[in-house]
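Protein chains: 2
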Amino acid sequence: MISCHSVVNLPEARKVAIFGGTHGNEMSGVTLVNLWINNGAEVQRSGLTVKPYITNPRAVEKCTRYVDTDLNRAFTTDNLSLPRIEDLPYEVRRAQEINETFGPKGSSNAYDQSIAPASCSVLLNEHPLLHYSTSRSVGKHPIGVEVGPQPQGVLRSDIFEAMRAVVNHGLDFIELFNGGMEFEPCTVDVYRVSGNMDYPRDKKGNITAMIHPNLQDSDWVPLNPGDPVFQTFDGRTINYEGESTVYPTFINEAAYYEKQQAFVITRKETLKANGIRASNI
Amino acid sequence: MISCHSVVNLPEARKVAIFGGTHGNEMSGVTLVNLWINNGAEVQRSGLTVKPYITNPRAVEKCTRYVDTDLNRAFTTDNLSLPRIEDLPYEVRRAQEINETFGPKGSSNAYDQSIAPASCSVLLNEHPLLHYSTSRSVGKHPIGVEVGPQPQGVLRSDIFEAMRAVVNHGLDFIELFNGGMEFEPCTVDVYRVSGNMDYPRDKKGNITAMIHPNLQDSDWVPLNPGDPVFQTFDGRTINYEGESTVYPTFINEAAYYEKQQAFVITRKETLKANGIRASNI
Numbered sequence: 001m002i003s004c005h006s007v008v009n010l011p012e013a014r015k016v017a018i019f020g021g022t023h024g025n026e027m028s029g030v031t032l033v034n035l036w037i038n039n040g041a042e043v044q045r046s047g048l049t050v051k052p053y054i055t056n057p058r059a060v061e062k063c064t065r066y067v068d069t070d071l072n073r074a075f076t077t078d079n080l081s082l083p084r085i086e087d088l089p090y091e092v093r094r095a096q097e098i099n100e101t102f103g104p105k106g107s108s109n110a111y112d113q114s115i116a117p118a119s120c121s122v123l124l125n126e127h128p129l130l131h132y133s134t135s136r137s138v139g140k141h142p143i144g145v146e147v148g149p150q151p152q153g154v155l156r157s158d159i160f161e162a163m164r165a166v167v168n169h170g171l172d173f174i175e176l177f178n179g180g181m182e183f184e185p186c187t188v189d190v191y192r193v194s195g196n197m198d199y200p201r202d203k204k205g206n207i208t209a210m211i212h213p214n215l216q217d218s219d220w221v222p223l224n225p226g227d228p229v230f231q232t233f234d235g236r237t238i239n240y241e242g243e244s245t246v247y248p249t250f251i252n253e254a255a256y257y258e259k260q261q262a263f264v265i266t267r268k269e270t271l272k273a274n275g276i277r278a279s280n281i
Numbered sequence: 001m002i003s004c005h006s007v008v009n010l011p012e013a014r015k016v017a018i019f020g021g022t023h024g025n026e027m028s029g030v031t032l033v034n035l036w037i038n039n040g041a042e043v044q045r046s047g048l049t050v051k052p053y054i055t056n057p058r059a060v061e062k063c064t065r066y067v068d069t070d071l072n073r074a075f076t077t078d079n080l081s082l083p084r085i086e087d088l089p090y091e092v093r094r095a096q097e098i099n100e101t102f103g104p105k106g107s108s109n110a111y112d113q114s115i116a117p118a119s120c121s122v123l124l125n126e127h128p129l130l131h132y133s134t135s136r137s138v139g140k141h142p143i144g145v146e147v148g149p150q151p152q153g154v155l156r157s158d159i160f161e162a163m164r165a166v167v168n169h170g171l172d173f174i175e176l177f178n179g180g181m182e183f184e185p186c187t188v189d190v191y192r193v194s195g196n197m198d199y200p201r202d203k204k205g206n207i208t209a210m211i212h213p214n215l216q217d218s219d220w221v222p223l224n225p226g227d228p229v230f231q232t233f234d235g236r237t238i239n240y241e242g243e244s245t246v247y248p249t250f251i252n253e254a255a256y257y258e259k260q261q262a263f264v265i266t267r268k269e270t271l272k273a274n275g276i277r278a279s280n281i
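Chains as they are written, first to last, in UniProt numbering: chain X, 1 to 281; chain U, 1 to 281.
For reference, chain X alone in the conformation it holds in the complex:
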């Protein structure tokens, strides 16, 4: 067991990919990455190769989440090992190309990825039933930055600037780490995904209730047993029937109606992090 005060030596990070446009209608990432492709000065750091990259250009062009299938679920081992044929779904072909350029997934040559908010909640996606095959999963140390909710197809300055600050913060961290700075052990509050909640539906699959006004816009706010979660179209309130306090997030997102998800349920944990420094210093 590693004690609370230990410092771990880790290899330097030299290659960072910044992915945007994995969903073509999430405008902050699309706009920031395009800005940095045209002028990379803001994201250059001493001793680092930083590559801003639009992962789903056709979806960006159409301002749509995806063309054939969700790219952020396309990086499965099966997909990545399929033979390259013409009639594969666009996003599967794209996943193969991205894996060749920035992976291969799981290899030690893979890029680090920096894509997270100014004061940000850490979402741990390690639930055994949830296998996300995200674009970032080709990276060696993938970090997803989710700033929102933001409306699809809209560029909001508050969300744009929050995302910009986080990406720059991540790059500053890597530069300092590579330069020999030692980071002290600390504790981190994280939200571990424990499941998701669908909207109430009728037998045909149509939703019969909406997110309750008390829950709308309340991502990361504690939800206690008995708190309202849905409001039916005939005005009844449906309460949360869980046994303990949870922290909902991704509440009422447009992209998740098709995934039968009204919100993601998380539980709060406190993790201890080792101190770290670069191994060659």
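The set of hints was computed from the structure by calculation and includes no laboratory data.
Because the structure is a prediction, the values reported are computed rather than measured.
Be aware that a few hints might be false.
Copies of the same chain are indistinguishable here, so a pair counts whether it falls within one copy or spans any two.
To be verified - Using 30 angstroms as the maximum straight-line C-alpha spacing, the simulated DSSO-like pairs for lysine-lysine come out as follows:
no., residue 1, residue 2
1, Lys203, Lys51
2, Lys203, Lys62
3, Lys272, Lys105
4, Lys259, Lys62
5, Lys204, Lys268
6, Lys51, Lys204
Fit chain U to the given chain X structure using the hints.
Positioned in the frame of chain X, the structure of chain U alone reads:
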């Protein structure tokens, strides 16, 4: 000239169409109209034929604004008089069908339409350069209810309930009017469209600035000469250069990027309304 205290006799209204789903990703209207198609009790009124109707079912199915072209710009005289052939854009064929069912546009047989918010700003769309060919234009007394901004593809309970209240209020009004109630002369504040403002763009047409945080979410709030309107990606503020106070609306809507419109500019006016009563009472 009609004096301030005159009361005008108008014919009763007997047929009301409630259109929803003109844009398939505007979920409040889609959900309300589907609800009322399944159970019309809430929108029935004494002596009225009320018909809730999904105008663009294919766009609703895909949860997209439109399939081939914007239905809410498709009701032009040219489109409505085109021969019915198979390869017309879907929304043009649909406009023809709707015009046959609920129009014809301009006729005295056309339906009244009730589609507006609880305490609502009245937008006057009579600018000579703006020819909207909306779905509602087939009606004899068309009223558009715009509640928002709401994110595309999201059903928010606050917006859903506001829209529901306004439509019911409109139906109550018609029922009282038909029943002989006299409505007193009054004044109404309206916002007359005087133009629209595009995002700043580079030579390739890409936007180079976002709506300024002060203007974001400030629909109907007075905008004065010198007030900030845009924030460029390199951090500069662009101020409003008009000569007088205006009232922006439709600020930073996803659907209007393709229409080169960052917001609509309106000017406030106060109109006098005659008193009215039904002519057969």
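A quick look at each hint next to the structure:
no.: 1; hint: Lys203 / Lys51; in the structure: between (48 angstroms within a copy, 25 angstroms between copies)
no.: 2; hint: Lys203 / Lys62; in the structure: between (34 angstroms within a copy, 20 angstroms between copies)
no.: 3; hint: Lys272 / Lys105; in the structure: within (27 angstroms within a copy, 69 angstroms between copies)
no.: 4; hint: Lys259 / Lys62; in the structure: both (21 angstroms within a copy, 14 angstroms between copies)
no.: 5; hint: Lys204 / Lys268; in the structure: neither (35 angstroms within a copy, 47 angstroms between copies)
no.: 6; hint: Lys51 / Lys204; in the structure: between (46 angstroms within a copy, 23 angstroms between copies)
In this structure, only the earlier hint numbered 5 is contradicted, and the remaining ones agree with it.
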